[in-house]
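*Asks:* According to mature numbering (1 follows the signal peptide of the UniProt record, and there is no 0), the residues represented by the sequence shown are -18 to -1, 1 to 165, in order.
These aren't lab readings, by the way, just hints derived from the structure by calculation. Each hint should be verified, as a subset may be incorrect.
[To be verified] Using C-beta positions, here's what the derived DEER-type ranges look like: (1) T109 - R45: 23 to 29 Å; (2) V118 - R144: 19 to 25 Å; (3) G51 - E82: 17 to 23 Å; (4) I58 - E138: 35 to 41 Å.
[Stated by the list, open to error] Here are the simulated DMTMM-like cross-link-like pairs (lysine to aspartate or glutamate), alpha carbons at most 25 Å apart as the crow flies: (5) K74 - E122; (6) K74 - D33; (7) K27 - E99; (8) K27 - D43; (9) K74 - D43; (10) K27 - E53; (11) K74 - E99; (12) K27 - E116; (13) K27 - D142; (14) K27 - E138; (15) K27 - E57.
Predicted, not measured: the structure shown is a model, and the values here were computed from it. Ideal Cβ placement from N, Cα and C applies to all residues, glycine included.
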Amino acid sequence: MFKVPIWAWILVSALATACTHSSPPAETPALETSPSSTPVIQLQKLVIREDGATLARLLPDGRTQYWLGGEGNEEIWIPGPTLRADGTLIFKDGVTGRVEPDGRIFVVNRPGRMPAERLFGRISGDTCVLGNAEHVIRVEGHTLLLPNRPTPNEIEGLTDARSRHTALVMAAAFYINLAIVRE
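Whole structure, please, built from the sequences with the hints as guidance.
*Replies:* What follows is the structure in structure tokens.
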């Protein structure tokens, strides 16, 4: 039996608050169908660690994984959301999302569920604000600062502003994914 890491419980608590207090956008923007010349999300390997222990990772193909435990060949990873360069976020059970070039993050609900779409958060520079500014995620240097967490998480793979943006998208996608688990 595996223990659920404390960071996962903290993320779930923060996410539940962020999701229940966010309001839908006044106007739903149309999904852009033409390919963008610049990817919205830079897909690359990123690893998030806390006190040297791996918590999660983004693979270059856009898949994310949560680490459950083990060592070497015995490591156990569970799949998380999938990120695509065009800004699409893919979760389980028919829930999707997207990151707009201006940094807005939308969640698109399962077919037939309301609201069909809502604004979940916004990325600006090295900061991601979730909900009604109640929860803020920041990248400072090579660390990820999460809401209600006294210890920053190290991020392996950061090289520039685009990779910091990707780290924020990854963190926001984990928050969305944990909210789906709670439903």
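*Asks:* Tell me if the straight-line CA distance from K74 to D33 falls inside 25 Å.
*Replies:* violated, 30 Å
*Asks:* Take a look at whether the Cβ-Cβ distance between V118 and R144 falls inside 19 to 25 Å.
*Replies:* The hint (19 to 25 Å, Cβ to Cβ) holds, given that V118 and R144 are roughly 20 Å apart.
*Asks:* So the hint says 35 to 41 Å: do the beta-carbon atoms of I58 and E138 match that?
*Replies:* violated, 20 Å
*Asks:* Take a quick look at whether K74 and D43 sit within 25 Å of each other, Cα to Cα.
*Replies:* holds, 17 Å
*Asks:* Run the distance test for K27 versus E53: straight-line Cα separation, threshold 25 Å.
*Replies:* holds, 20 Å
*Asks:* Taken at face value, is the distance from the CA of D43 to the CA of K27 at most 25 Å?
*Replies:* holds, 9 Å
*Asks:* Sort out whether E138 lies within 25 Å of K27, counting only the CA atoms.
*Replies:* Holds, at about 8 Å.
*Asks:* For a C-alpha distance cap of 25 Å, please report whether K27 and E99 respect it.
*Replies:* Violated, because 29 Å separates the two Cα atoms, which is more than 25 Å.
*Asks:* With a cut-off of 25 Å on the C-alpha distance, tell me whether K27 and E57 pass.
*Replies:* Holds, at about 18 Å.
*Asks:* Hinted pair, alpha-carbon criterion (25 Å max): K74, E122. Please report holds or violated.
*Replies:* violated, 30 Å
*Asks:* Under the criterion that the straight-line Cα-Cα distance not exceed 25 Å, is the pair K27, E116 satisfied?
*Replies:* violated, 29 Å
*Asks:* Take a look at whether the Cβ-Cβ distance between T109 and R45 falls inside 23 to 29 Å.
*Replies:* The hinted range 23 to 29 Å holds for T109 and R45, with Cβ atoms some 25 Å apart.
The structure fails to meet hints 3, 4, 5, 6, 7, 12 from the earlier list, while all remaining hints are met.
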